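Number of protein chains: 2
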Amino acid sequence: MAASPGGRPAVVLLSGGLDSATTLALARAEGYRCHCVSFGYGQRHAAELDAARRVAAALGAAEHRVMGIDWGGIGGSALTDSSIAVPESPTEGIPVTYVPARNTVFLALALGWAEVLGARDLFIGVNAVDYSGYPDCRPEFIEAFERLANLATKAGVEGERFRVHVPLIHETKAGIIRRGLALGVDYGMTVSCYQADAQGRACGRCDSCRLRRAGFEAAGVTDPTRYGA
Amino acid sequence: MAASPGGRPAVVLLSGGLDSATTLALARAEGYRCHCVSFGYGQRHAAELDAARRVAAALGAAEHRVMGIDWGGIGGSALTDSSIAVPESPTEGIPVTYVPARNTVFLALALGWAEVLGARDLFIGVNAVDYSGYPDCRPEFIEAFERLANLATKAGVEGERFRVHVPLIHETKAGIIRRGLALGVDYGMTVSCYQADAQGRACGRCDSCRLRRAGFEAAGVTDPTRYGA
Chain A
1 MAASPGGRPA VVLLSGGLDS ATTLALARAE GYRCHCVSFG YGQRHAAELD
51 AARRVAAALG AAEHRVMGID WGGIGGSALT DSSIAVPESP TEGIPVTYVP
101 ARNTVFLALA LGWAEVLGAR DLFIGVNAVD YSGYPDCRPE FIEAFERLAN
151 LATKAGVEGE RFRVHVPLIH ETKAGIIRRG LALGVDYGMT VSCYQADAQG
201 RACGRCDSCR LRRAGFEAAG VTDPTRYGA
Chain B
1 MAASPGGRPA VVLLSGGLDS ATTLALARAE GYRCHCVSFG YGQRHAAELD
51 AARRVAAALG AAEHRVMGID WGGIGGSALT DSSIAVPESP TEGIPVTYVP
101 ARNTVFLALA LGWAEVLGAR DLFIGVNAVD YSGYPDCRPE FIEAFERLAN
151 LATKAGVEGE RFRVHVPLIH ETKAGIIRRG LALGVDYGMT VSCYQADAQG
201 RACGRCDSCR LRRAGFEAAG VTDPTRYGA
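Order-wise, the sequence lines are chains A and B.
Under our numbering, the first residue of the first sequence carries the number 1, and numbering increases by one thereafter.
Under our numbering, the first residue of the second sequence carries the number 1, and numbering increases by one thereafter.
Misleading hints may appear alongside valid ones.
It does not matter which identical chain is used: a pair holds within one copy or between any two.
To be verified - With a straight-line cut-off of 16 Å between C-alpha atoms, the simulated EDC-like cross-links for lysine to aspartate or glutamate are: (1) Lys154 with Glu92; (2) Lys154 with Glu140; (3) Lys154 with Asp186; (4) Lys154 with Asp70; (5) Lys154 with Glu30; (6) Lys154 with Glu217; (7) Lys154 with Glu63; (8) Lys154 with Glu171.
Derived by calculation from the structure, the hints in this document are not laboratory data.
Since the structure is predicted, the reported quantities are computational estimates derived from the model, not experimental observations.
Chain A on its own, in the form it takes in the complex (with noise of 0.2 Å):
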């Protein structure tokens, strides 16, 4: 898919995992010039980030930025505070993984940008199925975040109209990975695991490795992902 220059402007949501990548495909697939970014958040790992640069350049991304967030050291998560350990089976509730804020904060960081580009448009990758019970992953959380996009800028009061995309809340792991195989998505150079190591290789053991493997079966195709030791 090559980069097209035309098209309205998009801000896509790119973590370098399965679900982000195939938002991006279908935003394009839409015809919308996006420009993606992505999140240094002082996560376990660099290699969604070099994965989130492969999949924005390999989909025809307008471009791609990074921004980075410094949480001044509050930890609180499995995802940025080392002494808090993965889990690898199965835990009830909203896990600890789950980031406080975090799609507040990321999506707030894109409204800005949006606001910048002239962009109206944001799509990003939640999913309220097969997913890890995170509550901003939830179509009422978007609706909100809508609303507020709304009040929260200068376009939103000069009547301009943010919306955020979210193409796959409905749809199961198996769904997204068909929708995505059928636009070309390479999905061997996606990173969906936690715990990834530094070649980008994937742990096969937390709950997110497990809703991916699961996707792929349930799919009826070859698993692509680069599993670790």
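Chain B: place on chain A using the hints.
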């Protein structure tokens, strides 16, 4: 005002300026244990972060953290992009000192910290009277954020309720100054100027300086601001 280890915890956004110092004093007077947060977000000068540290210590904050935001070079505001000049005379509409989605980003980060702390109260010194026309200082923005906070978080899903306190929202600058003085706030410590020098001395000409100076005049008290060249 001595530091108090007791009280309900609250997260207080502290910029180093006049409004947020007053807000901290009010939160302390209500008996909250105040966890203050300031943001390094590429603003033109570090003097306001120095001021925030002094204010937090003087007003008995339990702690003070600085979180960092790297916008990835998106620009778009006179406060974060040195190629855009800070206006030195009044302008029409929302000024170029508006930072896209800034308060949304700040409140989102503060919300994350509140969740880690087990705090349900956030304080922010936004003001909709003597202000610069920023959309994210209006009551409807704050209400929408509060609603979002309760959908975005684990605590919200579990039935807890976050509250965003805006004790100054309907207050004039003179009224804010009178309330702060009654609580012992030393405004000589605070820096409101958009382009203070390295010693924290104000320009006296930007929008923020003009509103502040007029506030001291209207309150009938001596302006303790240190002005530079």
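- Task: At 16 Å max between alpha carbons, let me know whether Lys154 reaches Glu171 within a copy, between copies, both or neither.
- Result: neither (33 Å within a copy, 23 Å between copies)
(message) At most 16 Å between CA atoms: does that hold for Lys154 and Glu30 within a copy, between copies, both, or neither?
(response) Neither way: Lys154 and Glu30 sit 27 Å apart in one copy and 34 Å across, limit 16 Å.
- Is it within, between, both, or neither for Lys154 and Glu140, if the alpha carbons may be no more than 16 Å apart? For Lys154 and Glu140, the Cα distance is within 16 Å only across copies (14 Å; inside one copy 24 Å).
For Lys154 vs Glu217, is the C-alpha pair at or below 16 Å within one copy, between two copies, both, or neither? neither (46 Å within a copy, 30 Å between copies)
At most 16 Å between alpha carbons: which applies to Lys154 and Asp186, within, between, both or neither? Result: close neither inside a copy nor across copies, 38 Å intra and 33 Å inter.
- Query: Are the CA atoms of Lys154 and Glu92 at most 16 Å apart within a copy, between copies, both, or neither?
  - Reply: Answer is between: at 13 Å across copies they meet the 16 Å cutoff, but 42 Å inside does not.
* Asked: Which holds for Lys154 with Glu63 at a C-alpha limit of 16 Å: within a copy, between copies, both or neither?
  -> Classified as neither; 24 Å inside a copy, 33 Å across copies.
| Is it within, between, both, or neither for Lys154 and Asp70, if the alpha carbons may be no more than 16 Å apart? | neither (26 Å within a copy, 21 Å between copies)
The structure fails hints 3, 4, 5, 6, 7, 8 (numbered hints given earlier, in ascending order).
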